[in-house]
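> Just so you know, the protein sequences line up as chains Y and D, in that order. So the first sequence is numbered by my numbering: it starts at 1 and just counts up by one. So the second sequence is numbered by my numbering: it starts at 1 and just counts up by one.
Which copy is meant is left open, because identical chains are indistinguishable; a pair holds if it fits in one copy or across any two.
When the alpha-carbon atoms are kept at most 25 Å apart in a straight line, the in silico SDA-like pairs for lysine to any residue are as follows: (1) K116 x G134; (2) K26 x G46; (3) K116 x G137; (4) K35 x H144; (5) K102 x N146; (6) K122 x T72; (7) K26 x A50; (8) K26 x N53; (9) K149 x E112; (10) K141 x A42.
If you're looking for bench data, these hints aren't it; they were derived computationally from the structure. Model, not experiment: these values are computed from the prediction.
Listed below, chain by chain, are the residues.
2 protein chains.
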Amino acid sequence: MNRLVLAAAAAVGFATALPVAAQFQKPEDAIKYRKAAMTVMANHFGRVGAMANGRVPFDAATAQANAELVATLSKLPFAGFVEGSATGDTKAKPEIWTEADKFKAAQAKMQEDVAKLNVAAKTGNLDQIKAAFGEAGKSCKSCHDNYRKE
Amino acid sequence: MNRLVLAAAAAVGFATALPVAAQFQKPEDAIKYRKAAMTVMANHFGRVGAMANGRVPFDAATAQANAELVATLSKLPFAGFVEGSATGDTKAKPEIWTEADKFKAAQAKMQEDVAKLNVAAKTGNLDQIKAAFGEAGKSCKSCHDNYRKE
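Using the sequences plus the hints, can you model the full thing?
Following this line, the structure appears as structure tokens:
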């Protein structure tokens, strides 16, 4: 698990990482944190999606601000998947811990895709945003299908 | 309320703001979002606090990364205090809406204080971080005392 935490910490730009205990006192805190980070990320991802899907008028600055936030937020939730947090108020599947390498790869793929969405948003080109949003959405869905209970 | 939304949007760097309806389909969504944003912000604020209070060893890069995140996150929750979201799964007091100007001022004070904490963290000077953390913590507490039910 430590590798995951280090990866997440490195992604946020930490030169060093504190032990998990420093971020979460109890497994429940880790669960609450990761769910909250996902909720906030999903909201801002959805705001880009509303424009990509034509549900709201396209506004380049709004797309950029939200894509930038998603890229920042994408680095956060994974620190919350600490050992001992597979049960409780969570839909996390045990495979997150038993297939830790695969889960980490899925995490990296999503982060890469939302980084690309951020780049696309900065161009202000709606077609590029639509394409990048579609790819990032597939990453979200794939990881949820594999690692989140119904 | 629209002013609050515009202010929050402007703070995140939007050139224009979408109507609230574009961000939240239902009042419950707004409540869930604002609570989630507060949870994530509190976690990262707490990581700076753990160093400010000497509970974990000081690491300048970790303090900087977390203070930067808090400054970004501080701009998010307030978009969630939409009209019609005073009841439900929330501890929000009605004064948030009946004293909207005061609530907005408290929000601005907190954002200013965490921006100062971010500046202090970049200096790498623990004494400056301690002082700025203390001020920001007072802003959090004051707003919770006034606008959050027990």
